[in-house]
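Put the complex together from the two separate chains, hints included.
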Amino acid sequence: MKLQRKNRLRAVALGAIAVSGALVLTACGSDDNSGGGSTGGGSTKAAGDIKCEGKGQLLASGSSAQKNAMDLWVKNFTAACKDIQINYKPTGSGAGIQEFLQGKTAFAGSDSALKPEEVTKSKEVVKGGQGINLPLLGGPIAIGYKVPGVDNLVLDADTLAKIFDSKIEKWNDEAIKKLNPDAKLPDLKIQAFHRSDESGTTDNFTKYLKAAADKSWPYEAGKAWKAKGGQAADGSAGVSSQVKQTDGAISYFELSYATANSIKTVKLNTGASAPVEATSDNASKAIAEAKIAGTGKDLALKLNYTTKAEGAYPITLVTYEIVGDKGNKAETLPAVKSFLTYIASTDGQSVLKDMGYAPLPAEIATKVRETVASLS
Amino acid sequence: MDITSATTAGSPAPPGKQRSSAATRPGDRIFLALSRGSGLLLLVIMAAIAVFLTVRATNALSHNEGSFFTTFEWNANATPPVFGIAVLAFGTIVSSLIAMLIAVPVAIGVALFISHYAPRRLATPLAYVIDLLAAVPSIVYGLWGALFLVPHLGGLYSWMNDYLGWTGIFEYNDGAARSLFTIGILLAIMILPIVTSVSREVFLQAPKMHEEAALALGATRWEVIRMAVLPFGRSGVISASMLGLGRALGETMAVATVLSPSFIIGTSLLDPGGGTFAQNIASSFKESGEIGKDALIASGLVLFVLTLLVNGAARMIIARRKEYSE
Numbered sequence: 001m002k003l004q005r006k007n008r009l010r011a012v013a014l015g016a017i018a019v020s021g022a023l024v025l026t027a028c029g030s031d032d033n034s035g036g037g038s039t040g041g042g043s044t045k046a047a048g049d050i051k052c053e054g055k056g057q058l059l060a061s062g063s064s065a066q067k068n069a070m071d072l073w074v075k076n077f078t079a080a081c082k083d084i085q086i087n088y089k090p091t092g093s094g095a096g097i098q099e100f101l102q103g104k105t106a107f108a109g110s111d112s113a114l115k116p117e118e119v120t121k122s123k124e125v126v127k128g129g130q131g132i133n134l135p136l137l138g139g140p141i142a143i144g145y146k147v148p149g150v151d152n153l154v155l156d157a158d159t160l161a162k163i164f165d166s167k168i169e170k171w172n173d174e175a176i177k178k179l180n181p182d183a184k185l186p187d188l189k190i191q192a193f194h195r196s197d198e199s200g201t202t203d204n205f206t207k208y209l210k211a212a213a214d215k216s217w218p219y220e221a222g223k224a225w226k227a228k229g230g231q232a233a234d235g236s237a238g239v240s241s242q243v244k245q246t247d248g249a250i251s252y253f254e255l256s257y258a259t260a261n262s263i264k265t266v267k268l269n270t271g272a273s274a275p276v277e278a279t280s281d282n283a284s285k286a287i288a289e290a291k292i293a294g295t296g297k298d299l300a301l302k303l304n305y306t307t308k309a310e311g312a313y314p315i316t317l318v319t320y321e322i323v324g325d326k327g328n329k330a331e332t333l334p335a336v337k338s339f340l341t342y343i344a345s346t347d348g349q350s351v352l353k354d355m356g357y358a359p360l361p362a363e364i365a366t367k368v369r370e371t372v373a374s375l376s
Numbered sequence: 377m378d379i380t381s382a383t384t385a386g387s388p389a390p391p392g393k394q395r396s397s398a399a400t401r402p403g404d405r406i407f408l409a410l411s412r413g414s415g416l417l418l419l420v421i422m423a424a425i426a427v428f429l430t431v432r433a434t435n436a437l438s439h440n441e442g443s444f445f446t447t448f449e450w451n452a453n454a455t456p457p458v459f460g461i462a463v464l465a466f467g468t469i470v471s472s473l474i475a476m477l478i479a480v481p482v483a484i485g486v487a488l489f490i491s492h493y494a495p496r497r498l499a500t501p502l503a504y505v506i507d508l509l510a511a512v513p514s515i516v517y518g519l520w521g522a523l524f525l526v527p528h529l530g531g532l533y534s535w536m537n538d539y540l541g542w543t544g545i546f547e548y549n550d551g552a553a554r555s556l557f558t559i560g561i562l563l564a565i566m567i568l569p570i571v572t573s574v575s576r577e578v579f580l581q582a583p584k585m586h587e588e589a590a591l592a593l594g595a596t597r598w599e600v601i602r603m604a605v606l607p608f609g610r611s612g613v614i615s616a617s618m619l620g621l622g623r624a625l626g627e628t629m630a631v632a633t634v635l636s637p638s639f640i641i642g643t644s645l646l647d648p649g650g651g652t653f654a655q656n657i658a659s660s661f662k663e664s665g666e667i668g669k670d671a672l673i674a675s676g677l678v679l680f681v682l683t684l685l686v687n688g689a690a691r692m693i694i695a696r697r698k699e700y701s702e
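Residue numbers (the numbering used here), protein chains in the order written: chain A, 1 to 376; chain B, 377 to 702.
Bound-form chain B, shown alone (with noise of 0.2 Å):
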């Protein structure tokens, strides 16, 4: 029943049509112009807000020295103001990745073993508990990863050092662990929720009828997983795993209490230093005078322009998965 009406919404030529013809009680036109009038109000909303960063951010970038690429400073409320997203940027993107390359296996995993595996005594609790984890504050996130998520992870890190130094990307010189790695550790824990419950939502709507015939042709739990569950629900984790990426880009008190930010950008991820967009605004904004706050606003539109690559991008890999799905 759900894929049905999944398939018909991925394809709307033939009842677009139907639609229209069917338009013509009263309660079907309210509610037409009722979800019209919402789906141009969002366009509307996020054209403001373009314009909006836009022209603030115009007015920083004509007073700026340096070079709003390349330059590795932000002084945005000296004279001359002088700011580069160079480093934010390498930190937003570098930070968001680690924490996907560690949160997207857990989240499958979590998500098939709720969906497949456990029994659903423990089932139902233990997807309660991931939801649940959504529902923290992120500045918890930010005291528990200052409070206690630092000081434990120099173990961790001085093992790195030892087994992965060699990369010039895991080095750590004893310090306190606030660094990238960090971040991505904590932001991975802060995604987990979301990619989670949409995969498990996703792994449950795998046709009962592949899996059964799968079963049937005498296959293993994991092979069932691995021929019907995955390609079925890859769309849906990328999606999923999307949501989470847009999470993590936009992430500010968590990162902003962790994070030792400097505006430079190191060879390793283990030693303190870096930024991300939203921890600079964060903690750039209150002292901020005119130009400051519109540089900080530029940095957000580059954020936002960023945010909608991603989506762009994952819709792009979405469309041309579909075949798997269907």
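Pulled out of the complex, with its shape left as it was, chain A reads as follows (with noise of 0.2 Å):
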């Protein structure tokens, strides 16, 4: 009798590890599909673009933000590359900085350019030069609402800063309705959204309504969130979910996250003559009006938030891989140089479109790869 239980719990026991197994395997199996899917155009056509110099292991942490581009990138680079292995871990800007200053890898990425005294020591771990930003990957931060009976919602920066800042507490506020003059508006509280954590997309954002609004948004630009009122989550997947949930909510986040839980976004009026979508093609427009404004090599870039061109999306997001200029370890600096320039390269940004990322500007990105050529 206690036998046979025994018996019965094991194979149960078995049963229960079967069928675990088989969904841990089959997860991984279509992440695989989905990955292989949008790789395997990508992968082909890159082919001509990698020149592969160099080998070993790469060591690269950062921006979160680019852990989706980073994936495809590494996978078409190693895929012609065998001898290079390439290891991009999304720690967070902050912690991919902080990595790259105490020389632990080759390469770090940022959603925001070096500062000041982080380049003064930077000049520690790259003996004879220091730390540069090269663009390498933009794209928009939607504006993502969810307002039952509106599908068609403009805004312009005031109103955006107002709704953030909670002056505008209603969706039929009479600013929002003059600028949508269409729409069925409700009697609705607006839930205003931000993030809990520290993130670059915060820091993007604020400097857009910093900006571009300036009477209506009296905080400064940064990381972190500085208005009161509001909520808050943690991570673009966080306020996005939220959105996703609550009637009256708005928020901001990368594209991807809207396409993916399928958000409303707001089109923008920046004063050009029809009211600008966040996507990939107007978020290029819009980095395309960028200065460089770095020094030398360094290609850090001031974004021109208050762009009136034509179809111009100017909440836009730009973000960074920081190497040395010179004095970067021999033994990484031929891989270094082979993946960035395949990243820099027509071929590694035209893989970004369909990813809800925006391709650099012709002009920038022959720059970067200029300026890759040259490091050392």
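By construction, these hints were calculated from the structure, which means they are not laboratory data.
Note that the structure is a prediction, hence the values are computed from the model and not measured.
C-beta: ideal position from N, C-alpha, C; glycine also.
Treat the hints with care, as some may be off.
Distance condition first, Cα-Cα at most 25 Å in a straight line; then the derived DSS-like pairs of lysine-lysine [unchecked claim]:
1. A:Lys228 / B:Lys662
2. A:Lys226 / A:Lys115
3. B:Lys662 / A:Lys67
Covered stretches of chain B (in silico footprint by chain A; criterion: 3 or more residues with CB under 8 Å from a CB of chain A, positions within the stretch not fixed) [stated by the list, open to error]:
4. 435-445
5. 545-554
6. 634-640
7. 652-665
Shown next as structure tokens:
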């Protein structure tokens, strides 16, 4: 009797292991499939642009906003260059810069350019040179909302600032009505969500508000949210899922989160003839207006948040790879150069579009390629 | 049997003497060395943690531009760094207190039910299920809280607003219910198993003779509990509650998943906002630079001290109430 029960238990346990094992396997499988599907085209296209120099393992870490793009780039690159392994850990921009400054990584991904004191510190790591910012990835920050009965919402910088500063509290506020004369705006409380963690997305979004709506946004831009009021959630995934489930919600996140959760996004009234939608193309147009603020080989960009160019979506995020201009470690330098050359190449950039990122404008990409070639 | 051993452990003077004279046989000596070593090791580990926290905290505090205790802001990665723990301390203490207010009465009720009212056939599985609650990972509570509890609390909060809104602390302005009060409810569920199971054990150890004597005098079952079981179990219930409070103070993932953190102390407990030490550490750690991490460690040190104070206070209360249990 006892034995029998034991056997039955064992059978159940085996069954459980088999089922969970199968689940794990299928989970992996489906991941690979989706990745493979989008990579397939990319890697064959990219093969021509990849030059493999150097070998060994390349360690990098930083911005989690770059994660999806990095995964794809690494997959394409290592498919062509079997001798190089690239390990990018999406630990967050802050941690990425820190690890780079400790000499642990070959390059860092960061959503914001190096601060002056970080540049000073970088001189200890890269002997004879300093850390420089290479813009390699852009993307629109979409403003997602959920208002019942409203499918087409136009806002401008000023109303956005007032909404996120809790100055406008209802969806049927006069200021919103004026921008959306045809919409049926409900008498509903606005629930503005912001990030609870420090984030490059917040940094770029508040930079936009500060630049484009100076009067209505009295706070300094930064990675931590400074305005009072509103609600907070953790990560882009957190705020986007709150918007999805809360009536009257509005928040900001990378476009891919809006697409993945089918959240409606705000069209922006920039002063151009028609309101601009958050798309990769429109973001690229706005990034094309950016000026290079860095000196020497540093290519840190200064975005033009107040652009009125037709179809340019100004709430954009540009993320950087941070390397040394001189004095990089000899054993990893060739691999770093060939990898960065690939991601700055036309093929490397063009694979981004499907993922909700914005490819760099040709002019900036050319500069990045020149700079990468001159790294030593 | 259990009671006598408990009382002798409480007053160690006479057995201490016996022990030293008895520790002559090798087995005793080895065991003494082992247990003394483990005790000392524990002290060393605690001291090492305290030293680590203090050293890293001092580094952050020397850079802080705000006041560590009164600034309502957490901007430890900015230049210059500005951060203060006022909001975190408030949120941690308030949410834990709410959890205690909800959990302790319920836990005592459940423990009494299991130990004195329920038929055996029901008591055992019930006790088992309560204990099982402790085995659920906190992130699961977090997800349950965020996906089920929060959307369903709106009605309760509107009702509280209608009848208790005048107090100011129960005002509710139709937001998602991601507030300190929600956290309190969630934490209450999470600390229920530990408070219940310890209380249950204590209640079961109430001297049978006392209970039977009370019954013989014609007391009802509730009178027996009131006169014999509760006074006996009081210090045990207090220690159980403190164990629960310790868990509530340090709970991280569930709070981080449910709460809508902000650095404001609102008057209402039902409006989203607030924060706790552990939640802030979890959500700020990822993007922190060097000073930022040290600042989080400084806030961790405050939580460490807070827990120490709570445990100390509990010891004092238990010591003062000792006469009830003897």
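Against the structure, the hints come out as follows:
1. A:Lys228 / B:Lys662: 23 Å, holds
2. A:Lys226 / A:Lys115: Holds - the C-alpha atoms of A:Lys115 and A:Lys226 are around 20 Å apart, at most 25 Å.
3. B:Lys662 / A:Lys67: Holds. B:Lys662 to A:Lys67 sits at ~14 Å (cutoff 25 Å).
4. 435-445: violated (count 0)
5. 545-554: holds (count 5)
6. 634-640: n = 4 at 8 Å, threshold three: holds.
7. 652-665: Coverage by chain A holds for the stretch 652-665 of chain B (6 residues, Cβ < 8 Å).
In this structure, the one hint that does not hold is number 4.
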